[in-house]
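These protein sequence lines map, in sequence, to chains A and B.
To convert, take the position in the first sequence, counting from 1, and add 396; that gives my numbering.
To convert, take the position in the second sequence, counting from 1, and add 20; that gives my numbering.
Since the hints were made in silico from the structure, they are not lab data.
The reader is advised that the hints may include incorrect statements.
What the hints assert, rightly or not - What follows is a list of derived Cβ distance ranges for each label pair:
(1) B:M85 x A:L657: 49 to 59 Å
(2) B:E298 x A:I439: 56 to 66 Å
(3) B:P237 x A:D510: 45 to 55 Å
(4) B:V212 x A:T638: 35 to 45 Å
C-beta atoms are modelled at their ideal positions from N, C-alpha and C, and glycine is treated no differently.
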Amino acid sequence: MKYFGGCDVGSTYTKAVILDENGKICADTTIKSKINSEESAKIAMKEVLDKVGLNSSEELAYLIGTGYGRNKVPFADENISEISCHAMGVHVTDPNVKAIIDIGGQDVKGISVDKDGTVKNFAMNDKCAAGTGRFYEAMARSFEMSLPEFSKLSLSAKNVIPITAQCTVFAESEVITLVGEGKPMNEIAAGIQMAVAKRCFVMAKKAGATDSITLTGGCAKNDGLKQAIEHVLKLKVIDLPTDPQLMGALGAAEFARQKGLAQA
Amino acid sequence: MRDLKHLIRMEDMLQQANNELVREAREEGRKAIGYTCYYMPEVLLDLPGCFSVRLRAPNCTTPTMATYYMSGRTCHYGRSLMERALEGGFNFLDAQMATETCTVTCRFQEHLQRMNIIQNPDFFVEFTDIPFKKTENSVEHYKKQLQAHVLDKLHEKFGIDTSDEALLKAIEQHNEVCRLITEIGNYRKLAVPTITGYEFSVIMLTSLTCPKDKILPMLRETAEELKTRQPDIKPGWKIKVAVAGAENDDPDFIKLIESCGALVVADRYCYGSLPGREEIVVNEGQPPLDAIARHYLNTSCCPRFMPQDLMRGRKKYLADVCREYNADGLIVESNKFCEYWSYERTIDALIIPRDYDIPTCSIEKEYINSASGQLRTRFQAFVESVELKKLHGQTAKKAD
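Sequences and hints are given; from them, build the entire structure.
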């Protein structure tokens, strides 16, 4: 049996997936990224290789690196941008999805997907952490909560307290002020989710996304954000049957499978 | 491909505005005349006794001081020029021939005029008003402006000969530069081009920033060299693209695009060669200033012209450029807060793929591209989508 690998070295988490010849996921992992991208890739790859009983990445028929550290994946045959990989990962997971909002550790992307899994159009935020995983880390810290706790906080809110600042630093100050004024925590959280959802709305519209949208990246697991996005986009976000954080690595592995089989 | 003989020297000359050829010309007693916009006809500044320097801001890291004067919500290019002026980077200039075209470069030049920044006692700034239409009245107005604010001032301040004979001589030299740049640029149309977009960008920029007579021998040799230059056996690019948009004088931006697998084969942006390197035609009996005014007003594709026919014409021009240069896609860029191209870029990104079926990538960038990682991801994703669609298209054709 031949195996094909995809390694998505993100700014916050590194993900790896191994597929077999039929495209079935044989192993996957998600680890916290190290400062050194190469080291992150090595650790993640070792975990998935161990799971399928391989000793080294060299034993894979084809390996593709993606994500912010895509050039640093040892033994990778090539690298492909995370935009293409997310599109392909979602396409093989659910071909009905036509658009993606990918919210990673450091950026937000809107991607519209063609029928063949290629990228039709995309939009990406500027060099700013507003509305990204980093932003949520800062917000959760202000609330003295873990990220999973914070992501559910807004679900119980009856009102939304608008947050005016989009900048992570200013938003943190604004939240501290609101908390200090004794405003309900869940309503402040709902304001934060709504502010991020509006940014996602812009990215989705810029990419030409109209319907059949899903979320990928680490923030896809944020229930409060998902609810806010459904509210601003006025549609139901499609839930993927596979961990949405793995879509980049899965897409890379699928590209590796297609290229590896074409080479054989 | 074999290295071009003059490329490294040309790259060096782009490291500072006051480069070795500029210094050489000034030591000969010639006057250095700065300008920023295509509408200031460089040919008028290249009359005997003076030479044109289209301003860039190499070595500007961040326009911190300029932001104090010009606000953070203005075009980064204008602010970077101001920063370099404040740092002393333009003290070699003898005059600045300013144009009332895009607002922020205009503001920058007003600061030069009012703040005594340039440490040169003879330095002066003169503004020329540029029409917003391309009618006969506009040509007349433009001619009068060029006569009063450029030719008369050069004569009055520096004793420059601005006679028709001198203008014709300058046109002759200018046209040779245009012919050579066009000849060099035409190698980008080949199925496998024998010049990269980066190399062409360096050559083109030196032709804008160095005295023409001094850069001409290098251009001639480069054109000769390219006649026999062979392409790489296995070229490193996956697709070809045209780049269009706002002010771009950074060859490293082109290099970044090319490092993502897209060979840049056409340059329709401010400081690019399309349009801008067409020869000036002087008809029998036509005054040279009339030919110059008509040439610059009519060849420009600047988005400051709003009539519907001109706006539509610009889209068609872009599509024609893509076809002529065999580009698989178009990258349309603008600098953040660019007043004209922000709109034009948005419209191009909608119209070009819809009406001309050309894949288009829209990029808002900074003058100093520090966020190269994000730009790389965007370009790479664009290249991959165009490449995959090409491959799928070929597979489908074979299947038919």
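Check your understanding: Is 35 to 45 Å right for how far apart the beta carbons of V212 of chain B and T638 of chain A are?
Key -> holds, 42 Å
Review point. When you take the CB atoms of E298 of chain B and I439 of chain A, is the distance between them in 56 to 66 Å?
Key: Given about 58 Å between the Cβ atoms, the range holds.
Check your understanding: Is 45 to 55 Å a correct range for the gap between the Cβ atoms of P237 of chain B and D510 of chain A?
Key -> At 51 Å between Cβs, range holds.
Point to revise | CB-CB spacing for L657 of chain A and M85 of chain B relative to the 49 to 59 Å hint | key: holds, 58 Å
Comparing the model with each numbered hint stated earlier shows that all of them hold.
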